[in-house]
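Asks: Sequence:
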Amino acid sequence: MNLTVKVVGYKNTNGKTQIGLYNNEISFPKINKQYKTAIINVNSFVTKYTFSIPVGYYAVALFHDANADGVCNTNFLGIPKEGYGFSNNIKPIISAPTFNETKMSIQKDMEIEIRLIY
Numbered sequence: 009m010n011l012t013v014k015v016v017g018y019k020n021t022n023g024k025t026q027i028g029l030y031n032n033e034i035s036f037p038k039i040n041k042q043y044k045t046a047i048i049n050v051n052s053f054v055t056k057y058t059f060s061i062p063v064g065y066y067a068v069a070l071f072h073d074a075n076a077d078g079v080c081n082t083n084f085l086g087i088p089k090e091g092y093g094f095s096n097n098i099k100p101i102i103s104a105p106t107f108n109e110t111k112m113s114i115q116k117d118m119e120i121e122i123r124l125i126y
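Counting from 9, one number per residue, gives the positions in the sequence shown under the numbering used here.
Any given hint could turn out to be false.
Only pairs whose alpha carbons sit at most 30 Å apart, straight line, appear in this in silico DSS-like list of lysine-lysine [unchecked claim]:
#1 K41 x K89
#2 K116 x K41
#3 K116 x K14
#4 K19 x K38
#5 K56 x K19
#6 K19 x K44
#7 K89 x K56
#8 K41 x K56
#9 K116 x K89
#10 K24 x K89
#11 K99 x K14
#12 K41 x K19
#13 K44 x K56
#14 K24 x K38
#15 K99 x K41
#16 K14 x K44
#17 K89 x K44
Now the in silico label distances, taken between C-beta atoms and shown as ranges [what the hints assert, rightly or not]:
#18 R123 x N81: 17 to 25 Å
#19 N75 x N40: 18 to 26 Å
#20 V79 x S103: 17 to 25 Å
#21 I87 x Q115: 31 to 39 Å
#22 I61 x G17: 39 to 47 Å
#23 K44 x F84: 28 to 36 Å
#24 N96 x K41: 28 to 36 Å
Please keep in mind that the hints were generated in silico from the structure rather than gathered at the bench.
No residue lacks a Cβ here, since even glycine has one placed at the ideal position from N, Cα and C.
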């Protein structure tokens with residue numbers, strides 16, 4: 009199967025986008041616990057990346073690393089200062105969403121769109 013992640017809503021075309029693909033609730037959305045990850049250059053206001061995966065349940069967490077320092081920069085409250093997003097376009101209220109809120113059943117080739125939150 010192929011899962012294509014389309015990222016939209018960039019404020020600028022600086023830096024890179026880091027995409028984390030998760031396949032279980034224990035690791036979501038922890039850094040370095042992704043099932044698969046991708047780092048792509050931001051050359052336009054829409055980017056895409058395709059993962060090759062088996063049938064199953066998956067969730068995506070991503071951020072626009074505008075300054076290309078390799079981390080999602082946050083303020084003193086832990087709120088991201090760079091654009092971020094989740095599958096199902098879940099907008100967190102107090103903390104990161106759960107795997108169950110963001111998971112998708114992938115049974116065939118699919119493209120999803122995630123709008124960045126700033």
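Asks: Compare the structure with each hint and give your call.
Replies: Now the hints, each set against the structure:
no. : hint                   : result
1   : K41 x K89              : holds (22 Å)
2   : K116 x K41             : holds (24 Å)
3   : K116 x K14             : holds (17 Å)
4   : K19 x K38              : holds (25 Å)
5   : K56 x K19              : holds (16 Å)
6   : K19 x K44              : holds (26 Å)
7   : K89 x K56              : holds (22 Å)
8   : K41 x K56              : holds (22 Å)
9   : K116 x K89             : violated (35 Å)
10  : K24 x K89              : holds (15 Å)
11  : K99 x K14              : holds (17 Å)
12  : K41 x K19              : holds (28 Å)
13  : K44 x K56              : holds (15 Å)
14  : K24 x K38              : holds (19 Å)
15  : K99 x K41              : holds (21 Å)
16  : K14 x K44              : holds (16 Å)
17  : K89 x K44              : holds (24 Å)
18  : R123 x N81: 17 to 25 Å : holds (20 Å)
19  : N75 x N40: 18 to 26 Å  : holds (20 Å)
20  : V79 x S103: 17 to 25 Å : holds (18 Å)
21  : I87 x Q115: 31 to 39 Å : holds (35 Å)
22  : I61 x G17: 39 to 47 Å  : violated (24 Å)
23  : K44 x F84: 28 to 36 Å  : holds (32 Å)
24  : N96 x K41: 28 to 36 Å  : violated (20 Å)
Consistency with the previously given hints fails for numbers 9, 22 and 24, ordered from lowest to highest.
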